[in-house]
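Chains as they are written, first to last, in full-length UniProt numbering: chain R, 1 to 261; chain E, 1 to 261.
The set of hints was computed from the structure by calculation and includes no laboratory data.
Label pairs and their computed distance ranges (CB to CB):
| hint | chain 1 | residue 1 | chain 2 | residue 2 | range |
| --- | --- | --- | --- | --- | --- |
| 1 | R | Ala4 | E | Glu143 | 43 to 49 angstroms |
| 2 | E | Ser209 | R | Asp49 | 50 to 56 angstroms |
| 3 | R | Lys8 | E | Glu143 | 34 to 40 angstroms |
| 4 | R | Ala170 | E | Thr139 | 54 to 60 angstroms |
| 5 | R | Ser228 | E | Thr252 | 19 to 25 angstroms |
| 6 | E | Asp240 | R | Gln237 | 36 to 42 angstroms |
| 7 | E | Arg18 | R | Gln96 | 21 to 27 angstroms |
| 8 | R | Ser228 | E | Lys231 | 50 to 56 angstroms |
| 9 | R | Lys231 | E | Asp161 | 54 to 60 angstroms |
| 10 | R | Gln96 | E | Asp69 | 41 to 47 angstroms |
Listed next, the in silico DSSO-like pairs over lysine-lysine satisfying Cα-Cα at most 30 angstroms (straight line):
| hint | chain 1 | residue 1 | chain 2 | residue 2 |
| --- | --- | --- | --- | --- |
| 11 | R | Lys248 | E | Lys234 |
| 12 | E | Lys234 | E | Lys248 |
| 13 | E | Lys199 | R | Lys231 |
| 14 | E | Lys248 | R | Lys249 |
Just so it is clear, CB atoms sit at the ideal spot from N, CA and C, and this is done for glycine as well.
There are 2 protein chains.
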Amino acid sequence: MGDAAYAKETRNTVRRHRERGIYDYATVHSIVNQTSILHVSFLPTDPSDDPFPTILPMIGTMGLFTQPDNDPGAQPLDLYIHGHSASRLMRLPTAQGLEQIPVCVAATLIDGIKLALTPFNHSCNYRSVVIHGYASIVTDEAEKNWALALITDGLVPNRWDNSRVPPTKAEMTSTTVLKVSVVSASAKVSTGEPGNDRKDLKDESVTSSVWTGVLPVYETIGAPLPSSTNKVAKVPQYLDQWWQSENKKRETYAHGASQPK
Amino acid sequence: MGDAAYAKETRNTVRRHRERGIYDYATVHSIVNQTSILHVSFLPTDPSDDPFPTILPMIGTMGLFTQPDNDPGAQPLDLYIHGHSASRLMRLPTAQGLEQIPVCVAATLIDGIKLALTPFNHSCNYRSVVIHGYASIVTDEAEKNWALALITDGLVPNRWDNSRVPPTKAEMTSTTVLKVSVVSASAKVSTGEPGNDRKDLKDESVTSSVWTGVLPVYETIGAPLPSSTNKVAKVPQYLDQWWQSENKKRETYAHGASQPK
Numbered sequence: 001m002g003d004a005a006y007a008k009e010t011r012n013t014v015r016r017h018r019e020r021g022i023y024d025y026a027t028v029h030s031i032v033n034q035t036s037i038l039h040v041s042f043l044p045t046d047p048s049d050d051p052f053p054t055i056l057p058m059i060g061t062m063g064l065f066t067q068p069d070n071d072p073g074a075q076p077l078d079l080y081i082h083g084h085s086a087s088r089l090m091r092l093p094t095a096q097g098l099e100q101i102p103v104c105v106a107a108t109l110i111d112g113i114k115l116a117l118t119p120f121n122h123s124c125n126y127r128s129v130v131i132h133g134y135a136s137i138v139t140d141e142a143e144k145n146w147a148l149a150l151i152t153d154g155l156v157p158n159r160w161d162n163s164r165v166p167p168t169k170a171e172m173t174s175t176t177v178l179k180v181s182v183v184s185a186s187a188k189v190s191t192g193e194p195g196n197d198r199k200d201l202k203d204e205s206v207t208s209s210v211w212t213g214v215l216p217v218y219e220t221i222g223a224p225l226p227s228s229t230n231k232v233a234k235v236p237q238y239l240d241q242w243w244q245s246e247n248k249k250r251e252t253y254a255h256g257a258s259q260p261k
Numbered sequence: 001m002g003d004a005a006y007a008k009e010t011r012n013t014v015r016r017h018r019e020r021g022i023y024d025y026a027t028v029h030s031i032v033n034q035t036s037i038l039h040v041s042f043l044p045t046d047p048s049d050d051p052f053p054t055i056l057p058m059i060g061t062m063g064l065f066t067q068p069d070n071d072p073g074a075q076p077l078d079l080y081i082h083g084h085s086a087s088r089l090m091r092l093p094t095a096q097g098l099e100q101i102p103v104c105v106a107a108t109l110i111d112g113i114k115l116a117l118t119p120f121n122h123s124c125n126y127r128s129v130v131i132h133g134y135a136s137i138v139t140d141e142a143e144k145n146w147a148l149a150l151i152t153d154g155l156v157p158n159r160w161d162n163s164r165v166p167p168t169k170a171e172m173t174s175t176t177v178l179k180v181s182v183v184s185a186s187a188k189v190s191t192g193e194p195g196n197d198r199k200d201l202k203d204e205s206v207t208s209s210v211w212t213g214v215l216p217v218y219e220t221i222g223a224p225l226p227s228s229t230n231k232v233a234k235v236p237q238y239l240d241q242w243w244q245s246e247n248k249k250r251e252t253y254a255h256g257a258s259q260p261k
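Could you build all of it, start to finish, from the sequences and the hints given here?
Below, the structure written as structure tokens:
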């Protein structure tokens, strides 16, 4: 991957199971964009008053406004998250009187449950990313509009152009977009079958009684259910093709990840 | 639900969509225990040196050591999470020289994607919990052993008794269990079909061209894949019954949550 990767620094270097640490742009960006729900953490406004960080689940996508058709493996990208302008996270930069606030964003996909001979060796297959960066409110109208399309199409591809756009002025005002400029990022990926200790593998009373293997895990999208006010009889092709091909892709990945290396 | 609920305080009161805020013990505990991966956030050791909180994905379960067969709706529970003793989060109380550290834990289940007429009204069905509490290392051997069984059975029911137990001394030393004493907790649940603005619903050019409805979303467990060293020919009944009934339960919930209210 050459230099096409986030720098390894103290903050983002994977220490436990170093071999699972991945820093290249393509892997980091692809995991974030495949994760349905991101978790965003921020610090208390006044740590002397409240000692707890907070996490909120958010929808978001990585992209590059200055180069929308970028190769996601070629350079760092920004992370865009959106929410109602009255929500806590979206009001935070203003509430704290700061141009940008330090946040942490986690994207996690669980791909399997690994059942070993001992509880100690049980674990999961997963793909996870942790990003540290500064979140600021997007004020440029063109960038905000572009980011909202990016996030909507991140939920369901091609949905933006197939819904009522452009947004009204009131809709734009009611929505805030935060851009997270990445300071450090790393991915951690685990695949394969469970590991076992040699001693347990040699103990026939153990191996003859404990089933070991992997339960693949993947998120499934069910068939589209029209809402009570829907007037379009047929599920549009862009939507129908997407959920079916996405399901195949996800199931295939989880099964592949469950195989011995 | 009477008093069987976490107190509503400034920190945990749901402000956006107040009607979605749920505080009763049964709902909070059940969402956490149904979530495969929890996200745990903690503060930087030295905020003047590093301004970022950190999130780590972890496995955990709620329980009450002093009353293992509790009714989970009757009283607050503790949250137990485990990890390798050398991992960052598990070393944190010791590294910070503190008996207990303030953490935030998020549990999020996505149940559907709601496609409205406008991108602005797109949203998700979900069940989410945010907990604030103090994490401390479990030092009592009996509690630690009990918590490890609780966490293992939280991953796959009845797995603890059907694997090689008890753990060896080395396994116990290599594993750390953190107990999070809950200070505040709340759940937020969204179900139903997408909302639309009256103006869009009255605009035939919009309603005739934009499909609206819900894509149910649920995590699926694939058929168990034996590992290369597995010697138990048949998938045991406790495991085979669980993944199949769990899949049915999850799919049924997501479909139910997608219906108009």
